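S.K.: One letter stands for each residue in the lines below.
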Amino acid sequence: MSKYMLIMRGTDESNAAMMANIDEMMATSRQFIEDLFKAGVYVAAEGLDDPGQGVVVDFSGETPVVTDGPYGETKELFGGFFLVDVASKQEAIEWAKRVPAAPGAKVEVRRVPGSDEAPQAGA
Amino acid sequence: MDAADVEAVWRIESARIVAALTRFTGDFGLAEDAAQEAVAEALVSWPLSPPANPVGWLKATARRRAIDAIRRRAALQDRYALLAADGETGPGELDPGEIDPDRIDDDVLALMFVSCHPVLSPEARVALTLRVVAGLSSEEIARAFLVPVPTVQARITRGKKTIAAAGVPFELPAAGERRERLGGVLSVLYVIFTEGSTATSGDRLLRPDVAYEAIRLARTLAALLPDEPEVHGLLALCELTAARFPARTGPDGAPVLLEDQDRRRWDFSAIRRGLAALATASVRGLGPYGLQAAIAAAHASASSVEATDWDRIVVLYEALGRVAPSPVVELNRAVAVAMASGPEPALAIVDELVAANRLPGSHLAPAVRGELLARLGRRAEARAELELAARLCANLRERSVLLRKAAALR
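Just so you know, the sequences run in chain order A and B.
In terms of the numbering used here, the numbers along the first sequence are unbroken and rise by one, the last being 1509.
In terms of the numbering used here, the numbers along the second sequence are unbroken and rise by one, the last being 476.
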């Protein structure tokens, strides 16, 4: 068993499609979270605001530089995530297939290593 | 699609499919058999031709197998007529039970209550819960409990026969017996969890994959019964105990005692989840699981053994001893008393337990007694007790720790 993050990656088109049906999207998202919850696999879920409202803090220079707007030139923008605690990678993928998403969007599945796998401080 | 993909879909859907089929046929054993046949067919056919709608495929196939089974049972003619008419709707169709989400939730709950029914042997309750509710295969259950696969299969078969023979209805327990029956479900989940958190036998102390199944089932139960404090109490206990897993064994798999654990390795997000569940559990006073969770929380919130609020832990053990008296609780209270007030009053508690022979054959009493005697400087007696504990201990990892402690007293 492991935790996986199901990362929503939307394009401008899929985000627009989602906003056009926002009520339906909200309802199916709520239902999806309810399903995760009742399956005993839900850990956390959040959706992010419009990337245009975001701010980037850049550590390239000596002091952090703050710029407005979305991060980089990415075509597929991080729009939110579901964190699930599942029995296998295949199960994480199976849940990812059920994520409510507009056409064109992608869901990236990434494993979250346990704290016993993280590099140990001072080791 | 390979076997792992089939298993993944099954893990998510098994409880709902078996619950809906049981509601439909009124026969838990038949529903479980039919669902297993559907999975077996999926394992053969999906790799060759993956279905467009795997969930619908499983539901439709399981239902067809149930109808086949009912056809073979002449005694169930009237139900067959009902089912056959409904069975014409073809694959992918929703079962009536699943149109109403509250209904399917109640059916999944009923499934948990049936799998943990008091007419069943404790082993059958565990096996049925893991197979039917958690969606594990017999092979996985056998691996979890270190028993042969045929033993698990026999437990499940016997369990289903017992349910049928006793005429256990597929429904939620009546209000009058609900609390007690829920206690039965919780104790099954707790047995599964403890098997993962302190394996009773074998060469590994922890089996996190087994503990995970209990946590997952407890989360499902908490989602379905949000107003039952003890469900949250059990979930909190499991989360807080599992939070310490990463620090509980060394690189070689040997147990690391609480006082020696690197607390930076504890899983802090699990601790936060556990504390949140404990807060939900404490709304109307803590029951036995909630109290044990509160003890685990006292450890989880302390930066070291010295910084631990041992007086609070002693009080919590006293409360636990009142609501759920047990010699193991007394023994743990003794350990807490030793930390709060020194080994002497603790030894008095353990001696009383031993004199009354309340933990016969267990390695726990001599292990604690040996520790306390060592702290009092009574080395020869301490060594003899630790050696006795080692002889009685079935977990190889724990045994070697006891022998090492005994040897250190030479």
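Don't read these hints as lab results, they were simulated from the structure.
Some clues are possibly wrong.
[Stated by the list, open to error] Restraint-style ranges between C-beta atoms, simulated for each label pair: (1) B/Val322 x A/Arg1416: 53 to 59 Å; (2) A/Arg1496 x B/Ala390: 52 to 58 Å; (3) B/Ala390 x A/Gly1466: 51 to 57 Å; (4) A/Glu1494 x B/Ala342: 24 to 30 Å; (5) A/Lys1492 x B/Arg457: 58 to 64 Å.
[To be verified] If you want the ones that stay clear, here's a sample from chain B, every Cβ over 10 Å from chain A, calculated: (6) Ala70; (7) Asp71; (8) Val110; (9) Val213; (10) Leu283; (11) Ala284; (12) Pro312; (13) Asp326; (14) Phe334; (15) Arg378.
In this text the structure is predicted, and so the values were computed from the model without any measurement.
Note that the Cβ used here is the ideal one computed from N, Cα and C, for glycine as well.
S.K.: Indicate, hint by hint, whether the structure satisfies it.
M.R.: Checked hints:
1. Range check, B/Val322 to A/Arg1416: about 43 Å between beta-carbon atoms, so the 53 to 59 Å window is missed.
2. The hinted range of 52 to 58 Å is not satisfied by A/Arg1496 and B/Ala390, whose Cβ atoms lie roughly 42 Å apart.
3. Checked against the hint of 51 to 57 Å, the C-beta distance between B/Ala390 and A/Gly1466 comes to roughly 43 Å, which is inconsistent with it.
4. Checked against the hint of 24 to 30 Å, the C-beta distance between A/Glu1494 and B/Ala342 comes to roughly 28 Å, which is consistent with it.
5. The hinted range of 58 to 64 Å is satisfied by A/Lys1492 and B/Arg457, whose Cβ atoms lie roughly 59 Å apart.
6. With a cut of 10 Å on Cβ distances, B/Ala70 falls inside the contact zone with chain A, its closest approach being about 4 Å.
7. For B/Asp71, the requirement that its beta carbon stay farther than 10 Å from each beta carbon of chain A is not met, with the minimum near 5 Å.
8. Annotated as non-interface, B/Val110 keeps its C-beta farther than 10 Å from every C-beta of chain A; the closest such distance is 18 Å.
9. Separation of B/Val213 from chain A is adequate, the least Cβ-Cβ distance of about 20 Å exceeding the 10 Å criterion.
10. At roughly 6 Å, the least C-beta separation between B/Leu283 and chain A is not larger than 10 Å, which violates its mark as non-interface.
11. Not every C-beta of chain A lies more than 10 Å from that of B/Ala284, the closest at about 7 Å, which undercuts listing it as non-interface.
12. Its closest Cβ contact with chain A, about 3 Å, brings B/Pro312 to no more than 10 Å, contrary to its assignment away from the interface.
13. With a cut of 10 Å on Cβ distances, B/Asp326 stays outside the contact zone with chain A, its closest approach being about 15 Å.
14. Against chain A, the non-interface label of B/Phe334 is violated: not every CB pair exceeds 10 Å, the least being about 7 Å.
15. The Cβ of B/Arg378 sits about 26 Å from the closest Cβ of chain A, beyond the 10 Å cut-off, so the non-interface label holds.
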